[in-house]
Each structure stands twice: as structure tokens, then as C-alpha cells.
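The lines below spell out each chain.
Protein chains: 2
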Amino acid sequence: MKYDVIIIGAGPAGLSAALYSARGGLKTAIFEKAMVGGQITVTDNVENYPGFEDGISGFDLTAKMKTQAERFGAEFISEEITAIGLEGLCKVIETNSGEYRAKSLIICTGAHPRRLNVPGEERLTGRGVSYCATCDGALYRDKVVAVIGGGDSAIEEGQFLTRFAKKVIVIHRRDELRAQKIIQDRAFNNPKIEFIWDTVVQEIHGDQRIEKLELVNRKSKKITMLPIDGVFIYVGILPNNGLLESRIELDNAGFVLTDENMQTNVPGIYAAGDIRHTVLRQVVTATSDGAVAAWSAEKWIIENYDALEVESAKQ
Amino acid sequence: MKYDVIIIGAGPAGLSAALYSARGGLKTAIFEKAMVGGQITVTDNVENYPGFEDGISGFDLTAKMKTQAERFGAEFISEEITAIGLEGLCKVIETNSGEYRAKSLIICTGAHPRRLNVPGEERLTGRGVSYCATCDGALYRDKVVAVIGGGDSAIEEGQFLTRFAKKVIVIHRRDELRAQKIIQDRAFNNPKIEFIWDTVVQEIHGDQRIEKLELVNRKSKKITMLPIDGVFIYVGILPNNGLLESRIELDNAGFVLTDENMQTNVPGIYAAGDIRHTVLRQVVTATSDGAVAAWSAEKWIIENYDALEVESAKQ
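These protein sequences, in sequence, are chains L and W. Quick note on my numbering: the first sequence kicks off at 1 and runs consecutively. Quick note on my numbering: the second sequence kicks off at 1 and runs consecutively.
These are calculated hints, taken from the structure and not from any lab test. C-beta atoms are modelled at their ideal positions from N, C-alpha and C, and glycine is treated no differently. Treat each hint with caution, since some may be false.
Stated by the list, open to error - With a Cα cut of at most 30 Å, we get these calculated DSSO-like pairs of lysine-lysine: (1) K299(L) to K222(W); (2) K299(L) to K2(W); (3) K27(W) to K166(L); (4) K192(L) to K192(W); (5) K299(L) to K314(L); (6) K143(L) to K299(W); (7) K2(L) to K64(L); (8) K181(L) to K27(W); (9) K299(W) to K166(L); (10) K143(W) to K181(W); (11) K221(W) to K299(L); (12) K221(W) to K314(L); (13) K2(W) to K167(L); (14) K181(W) to K27(L); (15) K299(W) to K222(W); (16) K192(L) to K299(W); (17) K167(W) to K27(L); (18) K166(W) to K314(L); (19) K143(L) to K181(L); (20) K143(W) to K299(L); (21) K192(L) to K2(W); (22) K192(W) to K221(W); (23) K143(W) to K2(L); (24) K181(L) to K299(W); (25) K27(W) to K167(L).
Stated by the list, open to error - Chain L stretches covered by chain W per the calculated footprint, using a threshold of three residues with CB under 8 Å from any CB of chain W: (26) 84 to 95; (27) 206 to 213.
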């Protein structure tokens, strides 16, 4: 099958790219191997996507985006992509069911927080276990929360959480932080922030919601139980870049480098959303990226129309 | 009055910045001299803001964004700002009613298309008169539309409109285009595009909707009537930068230059949405800008907390 634009990944970035591409009159396919919606589908109430004054579940929000993209003709394909190749200007997508060709490709494969990989973590995600203070901090007014990690993100987000929480306990596996000095100093001077050093979480307990953290001191091996209202885990974010061939330029952490047009280093290949090297990862930034990527792809196809038609005719 | 963040302009960028700032626990005010919602309020049906599968009017969409920001404590102030000043790190906003101070400022004053300033233009805007092919092109399937202008935007958007319209008539005041050679060539080779040279629109006629353009040839002075289904006016976009003092860096066209954090050249002052030097101006890109700007302002306030408190105490 031949398309103008193939989008890989149907989270908010991919769904927005599909809407803009299909509504722009381009023949558009969007591939998703798992569930449409991406990471945000696990969020019960997205309060900060502009336009939904009472909030909306991540599941419902992305379902609406899917319907909207389909309305303009975007085709959803539930196949797992096994390889991405190039033949001249054309992009070739392989799945277990066949081969698809496109003039332009938009990569929206997303990212995922690094997990602690301890019992209870997955089950209680969205029920007191969070990976995003910007998203969920406001839910913990006058509560006691823990932050796991010792880097810039962990400490800055801990600082941020003190706006809401009455106490923030930073739990770090080492006896000193990795965060920048200025960020550390401010945290040490904040009376709402406490530290537990040399300690890791070995289980998260709770029935319907989180209740306590089971901690172990790495030096003394002593185990303690810490009652808690919520835990924010900041031990890294990992790009879903398994499919990206070596010729697409990534940053040191594996995220795709683009310019402001969402253009990667390969002509006609764009990236949008969490997979991209970017400053803030939110639904609204992902949808914006997707719109810009589709608009750029459309311009690129217009500009390379003749060469693309010649190649397409050969296949 | 003292705020953490003052936002100037309550279009989608400002409304999203207000939501993120207020929800982030910052004391937030948003100033709008005219109607909340900005340019998009005149659009009957916004089809391409992700999440509204049947479309939504610009008026309703921005009303929802306002309610959402207010829910988290953003204060809306209907006063016209007369001056913006700086006192050290603090920003001072003057209106006819008084003076407001903020640690950080987010400029969301928007832009507006340059008008032809001919009779009928304003009255028929949104009823056949459009300034945005990306927004409205899909409404003109198998119709005949005119494009006014001869620059890159006019010709590229004319090309784009041929995906929908059966005929696109480019009307230009000169006898040659200003657009790049490659863009011109492609337009000349497109059988759906026709040109009318040396000609300007002197009136737009129509009752409930556009019906015809009254054209005058600048050389022969001959007047003709052109029946038409829609007209797209691409004679420039103008930034609403009247308030910006000389120290904020602008591009040659008067749009605010920022980095990817929406930071201007002045510490603690950010810009978001159409006022910004950017590649694509849509509701979804504006709301994303607003979220990033608020997030950046929040980080900046945390990083400069001590210095800001000292200054604030002096006032």
C-alpha cells in the first residue's frame, strides 16, 4: 500500500499529526501496535489539556482525537512495525503482514518513565504512584508525598510539590544528590523537604490506593515502612526508539533531534511528541508537535512532488 | 497588586499559560482589553483542535479554556495596559486603573492578518472571506476560490487549496510574483491555478455569504465582477507588538524572538502564541507555547526566588 504520510504511534502526537495530515488532503495511515492513546490513557483525569474545563480521562480524550482523525480519512492500522527502510526519497515500512510505502514519515513512538520495577508499582500507577508532578502535583494538597531520585528532575519536582504537599520526602539511593548545586541548596533550605539517604524502595503497598513504601537502607540493610499519600518516581525517562535505524540522529539519551519544523536529519522524516528531544512533555505539547510535523510533511511533499512521483511510478 | 505571573492577552496561548501557571500554584493574573478568546473567536467551527471530534466554535472553545483556568485560580482583569516597565528583576504593568507587579511576564498579545481594507471584507469574514487555508481550505471542496497576494504564503496556500477547490484564481496587484522561483514554477504548472495580474480587489459583495469580488485592473482601470465561493487573503500578518518596549528583541517583521523555552532576551519575560516568531500559527501550537512559557516562568521563579523576594519586600 502507498500513502503520502505514514505516522508511527497513536498517542496524542500521532493522533494530531493524523488529523492535520488527513484534513490537509494527504493519504494518511497511522500505525499502533498496542492501544490507541499512548501513555496518557492510564491517567484518570487530565486537568491541564486546554479546552476541557472539568478535566477528561486520558482514554476519552484520545478516543475523541482518534474519531476526529478518522473523520477526515486517516486510516488506523493495528500492526507492529518490524523495520523502517529508505528507497531514495520513499520510506518503506515493514510489518508481519506486509509492506507499506510513504512519501513522508512522522515518528511518534513516545517515551516511558524508567520504572523502579518493584512489586505494587504497576498496579498502583495512577492510584498514588505517579511519574509526573506537573500532571498530578495539584492532587496532593496538604498531603505527604515521597520523591524517588536524586537528579535535577527529582529535586526540582520535589521543590515544586512543596506548593501543594505539606511534606515532601526525597528518597535517594546514594548519600549525595546528582542535582546541580543551586538546586540542591534550595532543596536543603526548604523546611518542607526531608531526605532519606542510601535507601531504595523495595515494594509499594496499598489496597485500592498507595498506603506505604517498604524501604531498605543499602548500607545497614534495615527495612522500614513509610506511610505515604503519594510517590513521584523520577529515575529517568526512556525513549521508545527501538525501531529507529542508525541514520536518524538522536541525542545522548536516545531522543530524536529535530529542528523547529520537527524535521529530523533525514529529509521527509519528522518526529513529534515525547520521542523528540524537547523541554516539556505534555499532551498539549505533543499535539502541537504533531500538527507542526504534518504541516512540514505536507510542505515537503509539495516541494518534492516531481521527484516523488517519478520514484513512486517505478515501484 | 503583586502577582507571580502576569499574562498579557487572553487568546489560546494566554489561556493555556494561565491554566498551567495557576494550576502550578503561582498567583496568576491575565489581562485582556477586548474579548477573551482572541482571533479564533470569529471562527464558527474549529475542526482541527485535537479532542473535539465534531469541531467546536472558537467562542465556545476559548470560553471553556477560560473556565478551566479560573477553576485553578487565575484572575481575569479587563483593563487595557498602557505601559510595561522593569524595576530590577520585577515587571511593572500600568493600566488606566493602576499598577500591577509580577515576578514574571508572559506576552500573548497575538497577531492579525493584514486586511485589504475594502468594503464587505470585515462583514463577510468567516462567511467566505478567510485568512487561513490550513484552517478553512477543507470547506471548499469542488468550489472556486480566489487567493489575494503574490508572496510565498499566497502561492503555497494557493497550491494547497487545489487539493480541495476545483479552481484557484490568484489575484495579484503586480505583473509578476514575489514568491520563490521554485514555488512559482509549480504554481504555473498546476492546471487548477489561474492568474489575474495587475489587479486589486476594491469591494467584496455578498448578502449572507460572499458572492463576488469587484476587481479593478491597475493599468487599464477596467472594473470586472468575479463570481466566487471563497477568497483567501494573504497580504501579510502583523504582530500586536504595540506595547513591547524597545528592549525586547523582535524579528524584522516585529514578532518576538524566543528560544525553545519561550524565553525572550529579557530574563523572566516569555512570549507565546502568534506574537512569537514561529513556523505555524494554530490554536494547538498557541496552547502548547502557553504551557511551555508558564512552565519556564515557574522554573525561573524557583531559580531566582531569593533575589525576587528581596526586591519584592522593598516595594
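Task: Broken hints, by number - done: The structure conflicts with hints 1, 2, 4, 11, 12, 15, 26, 27, although it agrees with all the remaining ones.
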